[in-house]
Amino acid sequence: MAFALPMAQSRLQTQENNAEWNQRAETFVDMFSIDANAARENGFRLTSSDRSEKIWRMARAYTSNQSLDSLARDRDVIGAYQTFAQAHFDQAERQAKERKCLADAVYFEARSETRPGQMAVAEVVMNRVRHPLYPNTICGVVYQGSYRNTGCQFTFTCDGSVARKPRGVAWRNANQVAAHAMLGLAKPATNGATHYHTVAINPYWAPSLVQTGVIGSHKFYRFPGAAGRLPDTDA
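In this note's numbering, the protein residues as written are 18 to 252.
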């Protein structure tokens with residue numbers, strides 16, 4: 018039984034160390050305004066039952082030679098240089114989805130076109146986003162009515178084309194065109210067009226609109242009169 022005392026002392030020391038580091042982890046959370054509940058939901062735990070969690074190790078490494086005063090000082094300095102908040106990441110995610118929708122339209126509607134022809138198709142989508150008669154998001158415009166066989170605005174969204182995954186150089190080019198259009202870097206080329214069709218067909222709605230030009234294999238149109246004027250970009 019002589020070996021029992023050293024083992025008990027060792028366990029006691031471990032428990033004391035764990036309690037100390039757990040307290041430091043809690044301090045770390047408080048000092049840097051970390052949402053403990055959100056941290057736990059994302060897999061971080063501050064309990065002594067799981068010492069492999071990142072936040073516990075981070076706190077242990079960070080606070081081992083830090084005083085509370087230095088923690089507060091570091092927080093104040095770092096806070097002044099914070100550049101990203103959750104809203105920024107949410108916005109980036111939305112922008113990525115919007116670019117994907119616009120790239121889909123360019124790829125499926127105009128991948129065989131020249132770059133000006135592809136930019137013109139992307140411009141029509143962006144014009145619709147600005148127009149009050151259409152959804153105010155790119156994905157909303159591109160996939161408007163796609164759940165109806167005869168109600169889709171862009172044919173590829175309801176004829177089964179989307180079942181074929183975009184790929185290759187054409188998909189890369191479509192993404193470049195989409196990014197270019199979303200940044201507003203291209204000079205407008207369609208004169209405010211909100212519609213187009215290939216030169217090979219003559220849809221029933223074409224006579225009721227005003228043709229604005231022909232680019233590549235597409236004819237472009239806008240609504241007649243005041244309805245055809247797009248709001249100012251800054252409006």
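It should be emphasised that the hints constitute simulated quantities derived from the structure, not laboratory data.
Backbone N, C-alpha and C define an ideal beta-carbon position, used for all residues, glycine too.
Treat the hints with care, as some may be off.
Claimed, not checked - Here are the simulated BS3-like pairs of lysine-lysine, each with C-alpha atoms no more than 27 Å apart in a straight line:
no.: 1; residue 1: Lys-182; residue 2: Lys-117
no.: 2; residue 1: Lys-204; residue 2: Lys-114
no.: 3; residue 1: Lys-114; residue 2: Lys-182
no.: 4; residue 1: Lys-117; residue 2: Lys-204
Unchecked claim - Have a look at the derived ranges for each label pair, beta carbon to beta carbon:
no.: 5; residue 1: Tyr-221; residue 2: Gln-108; range: 38 to 46 Å
no.: 6; residue 1: Tyr-221; residue 2: His-197; range: 28 to 36 Å
no.: 7; residue 1: Arg-165; residue 2: Trp-188; range: 33 to 41 Å
no.: 8; residue 1: Val-227; residue 2: Ala-109; range: 31 to 39 Å
no.: 9; residue 1: Ala-113; residue 2: Ala-243; range: 29 to 37 Å
no.: 10; residue 1: Gln-103; residue 2: Pro-224; range: 29 to 37 Å
no.: 11; residue 1: Ala-104; residue 2: Pro-224; range: 40 to 48 Å
no.: 12; residue 1: His-214; residue 2: Ala-113; range: 44 to 52 Å
no.: 13; residue 1: Thr-131; residue 2: Ile-218; range: 18 to 26 Å
no.: 14; residue 1: Asn-219; residue 2: Arg-111; range: 17 to 25 Å
no.: 15; residue 1: Tyr-221; residue 2: Ser-178; range: 18 to 26 Å
no.: 16; residue 1: Ala-113; residue 2: Arg-147; range: 27 to 35 Å
So which of the earlier hints does this model not fit? 7, 10, 12, 14, 16
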